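J.: In order, the protein sequences belong to chains H and V. Residue numbering for the first sequence is 5 to 509, as defined by this note's numbering. Residue numbering for the second sequence is 104 to 137, as defined by this note's numbering.
To be clear, the hints were calculated from the coordinates, so they are not data collected in a lab. Predicted model only: the values in this text are computed from it and were never measured. Positions of the beta carbon are idealized from the N, C-alpha and C atoms, including for glycine. Don't take each hint at face value.
Unchecked claim - Taking lysine-lysine pairs in the DSS-like style, the calculated list, with each CA pair at most 30 Å apart, reads:
no.: 1; chain 1: H; residue 1: K436; chain 2: V; residue 2: K129
no.: 2; chain 1: V; residue 1: K133; chain 2: H; residue 2: K256
no.: 3; chain 1: H; residue 1: K227; chain 2: H; residue 2: K383
no.: 4; chain 1: H; residue 1: K425; chain 2: V; residue 2: K133
What the hints assert, rightly or not - Across the chosen pairs, the derived CB separations fall in these ranges:
no.: 5; chain 1: H; residue 1: R78; chain 2: V; residue 2: W109; range: 47 to 57 Å
no.: 6; chain 1: V; residue 1: I130; chain 2: H; residue 2: K500; range: 37 to 47 Å
no.: 7; chain 1: H; residue 1: K227; chain 2: V; residue 2: Y125; range: 31 to 41 Å
no.: 8; chain 1: H; residue 1: L455; chain 2: V; residue 2: Y125; range: 30 to 40 Å
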Amino acid sequence: MAVAGSAIGLGNFLRFPAKVASNGGGAFMIPYFISLLLLGIPLMWIEWTLGRYGGGFGHGTAPGIFHSLWRKNRFIKYFGVIGIFGPFVIFLYYTYIEAWTLAYSFFAVTGKYHGLATQESMQSFLRGFQGLETNQFFHGIGYAYVFFVITFILNIVVVYYGIKGGIERLCKIALPVLLVFGIVLLIRVFMLGAPDPAHPDWNISNAWGFFWNPDFSALQSAKVWLEAAGQIFFTLSVGIGVILTYASYLSKGDDVVLSGLSASSMNEFAEVIIGGSIIIPAAFVFFGPAQIQEIARSGVFNLGFVTMPLILNKLPVAVFFSFLWFFLLFLAGITSAVSLAQPVISFLEDEFDISKKKAVVLFGGIAFLLCHAAILFLKHGVVDELDFWGGTVFLVIFATIETILFGWILGMNNAWDEIHKGADMRLPVVYKGIIKYVTPVFLVFILGMWLWQEWLPVILMKNVSVENRAYVLGTRIGLLTLFTALAILVKIAWRKKRYALERMR
Amino acid sequence: MNQAGWILMSASWVLIIGLSIYCFVKIFTKRNIR
Numbered sequence: 005m006a007v008a009g010s011a012i013g014l015g016n017f018l019r020f021p022a023k024v025a026s027n028g029g030g031a032f033m034i035p036y037f038i039s040l041l042l043l044g045i046p047l048m049w050i051e052w053t054l055g056r057y058g059g060g061f062g063h064g065t066a067p068g069i070f071h072s073l074w075r076k077n078r079f080i081k082y083f084g085v086i087g088i089f090g091p092f093v094i095f096l097y098y099t100y101i102e103a104w105t106l107a108y109s110f111f112a113v114t115g116k117y118h119g120l121a122t123q124e125s126m127q128s129f130l131r132g133f134q135g136l137e138t139n140q141f142f143h144g145i146g147y148a149y150v151f152f153v154i155t156f157i158l159n160i161v162v163v164y165y166g167i168k169g170g171i172e173r174l175c176k177i178a179l180p181v182l183l184v185f186g187i188v189l190l191i192r193v194f195m196l197g198a199p200d201p202a203h204p205d206w207n208i209s210n211a212w213g214f215f216w217n218p219d220f221s222a223l224q225s226a227k228v229w230l231e232a233a234g235q236i237f238f239t240l241s242v243g244i245g246v247i248l249t250y251a252s253y254l255s256k257g258d259d260v261v262l263s264g265l266s267a268s269s270m271n272e273f274a275e276v277i278i279g280g281s282i283i284i285p286a287a288f289v290f291f292g293p294a295q296i297q298e299i300a301r302s303g304v305f306n307l308g309f310v311t312m313p314l315i316l317n318k319l320p321v322a323v324f325f326s327f328l329w330f331f332l333l334f335l336a337g338i339t340s341a342v343s344l345a346q347p348v349i350s351f352l353e354d355e356f357d358i359s360k361k362k363a364v365v366l367f368g369g370i371a372f373l374l375c376h377a378a379i380l381f382l383k384h385g386v387v388d389e390l391d392f393w394g395g396t397v398f399l400v401i402f403a404t405i406e407t408i409l410f411g412w413i414l415g416m417n418n419a420w421d422e423i424h425k426g427a428d429m430r431l432p433v434v435y436k437g438i439i440k441y442v443t444p445v446f447l448v449f450i451l452g453m454w455l456w457q458e459w460l461p462v463i464l465m466k467n468v469s470v471e472n473r474a475y476v477l478g479t480r481i482g483l484l485t486l487f488t489a490l491a492i493l494v495k496i497a498w499r500k501k502r503y504a505l506e507r508m509r
Numbered sequence: 104m105n106q107a108g109w110i111l112m113s114a115s116w117v118l119i120i121g122l123s124i125y126c127f128v129k130i131f132t133k134r135n136i137r
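All chains, please: the whole structure from these sequences, using the hints.
T.: Here's what the structure looks like:
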């Protein structure tokens with residue numbers, strides 16, 4: 005249940021609609037579902053099982069778990085660094101986006117965006133809030149920064165004390181309320197018709213067509229496949245290392261088959277049936293097919309913040325419903341942010357034997373400083389750059405490594421027995437072949453295709469405007485530095501352990 | 104929405120809702136789940 009809480013978050017309601025829209029609507033959905041069945045669900049089972057397996061050796065993060073799996077290979081622990089690096093990088097911008105949801109719930113109560121009825125005004129509101137322009141709504145980044153600080157402190161306090169007591173109860177209530185409220189909004193979206201008389205073709209029927217009509221030519225684009233796989237990983241929290249940490253606390257009798265499948269299906273319900281089906285059709289009827297893609301491409305989380313106030317303003321008691329929607333999103337965001345912080349904290353606890361409280365303070369201090377890159381340089385594409393590497397590419401690489409370790413190093417027969425320990429249901433035998441052959445080949449194929457088609461333009465920043473290149477390059481250097489620093493920490497931790505063992509002998 | 108769109112949407116919804124119901128039933132008839 006904790007993983008369902010961590011899996012359902014801003015990825016479902018903000019990132020997914022934007023990814024669908026920016027990748028051409030229906031063109032995205034075939035790669036998305038193939039990725040769910042061949043990558044997402046198998047990886048759920050792999051990570052739950054590997055996490056529980058590693059927990060048995062006293063490791064809660066990828067470097068230790070990978071080392072437990074393949075002791076003869078002294079380099080494998082460094083591949084596990086991605087399992088700490090990925091969630092840390094995502095945490096850096098996720099907290100800021102989470103802060104926007106808290107701010108928008110506050111603005112709903114104060115009526116700051118009440119009465120704004122056009123896409124231009126809502127977009128201008130968002131840009132002003134993000135500090136991208138000075139306008140009649142905002143004169144700088146002050147509001148966004150204050151809400152970031154509040155959100156960051158709340159996240160760290162929850163990590164420090166654990167999700168227990170009031171917050172746990174609040175989140176347990178928030179999740180079902182969010183889903184029920186989502187269904188109500190979905191019905192409202194179905195009744196939108198064609199709200200702009202000047203554009204009768206911007207209607208709900210065409211909106212569903214935009215969302216679901218497949219574009220088979222897009223299947224040749226490596227970027228669409230990579231983005232679809234990346235979204236599956238991001239939304240299910242697989243390929244990040246988060247589930248490894250959660251599952252390391254499980255006992256041999258816990259049912260990882262059902263846990264993984266339940267978390268996947270609940271997450272997909274929240275993402276496709278609720279999040280996507282509200283925001284994509286609503287954005288289409290308000291903005292039209294060209295504009296919806298432009299907004300989605302302007303920032304990976306922007307679409308929901310521009311679209312939702314417009315729908316919510318059309319409901320009775322709009323103030324209350326607007327507050328409720330964004331506040332529930334904020335609560336869903338807290339559980340996810342807390343889970344993103346866990347791998348780094350567990351790594352410090354497990355491998356350096358420092359107390360949880362010290363680890364949280366250390367993590368909080370460093371993360372607070374690094375988050376400023378996402379806040380101050382948002383307009384230069386830093387959040388999208390962090391999301392591309394931390395939230396997409398590295399997830400796919402990490403997933404490839406753990407799938408190979410699981411199916412080939414642990415061995416499929418051992419892996420199959422390990423998955424089924426404590427499980428009521430047996431997985432279909434076809435998944436034995438999928439996990440061993442199809443999932444790794446598919447992952448390598450996506451990565452290979454992406455490298456073939458996109459590697460050079462991405463590295464040379466061909467799609468980045470000239471004025472943003474210094475910031476994007478700076479972000480890349482920063483990511484490389486962070487990765488190197490974490491790899492050095494792994495080296496130090498293992499050296500310490502080796503000395504301790506030698507002294508004992 | 105065209106025919107391919109309908110098929111894709113229906114298949115997706117059936118898969119997701121079917122899996123969700125199946126898991127709910129399983130969860131409520133079992134105890135050792137986290």
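J.: Run every hint past the structure and note whether it holds.
T.: Status of the hints after comparison with the structure:
no. : hint                         : in the structure
1   : H:K436 to V:K129             : holds (22 Å)
2   : V:K133 to H:K256             : holds (16 Å)
3   : H:K227 to H:K383             : holds (23 Å)
4   : H:K425 to V:K133             : holds (15 Å)
5   : H:R78 to V:W109: 47 to 57 Å  : holds (54 Å)
6   : V:I130 to H:K500: 37 to 47 Å : holds (42 Å)
7   : H:K227 to V:Y125: 31 to 41 Å : holds (34 Å)
8   : H:L455 to V:Y125: 30 to 40 Å : holds (38 Å)
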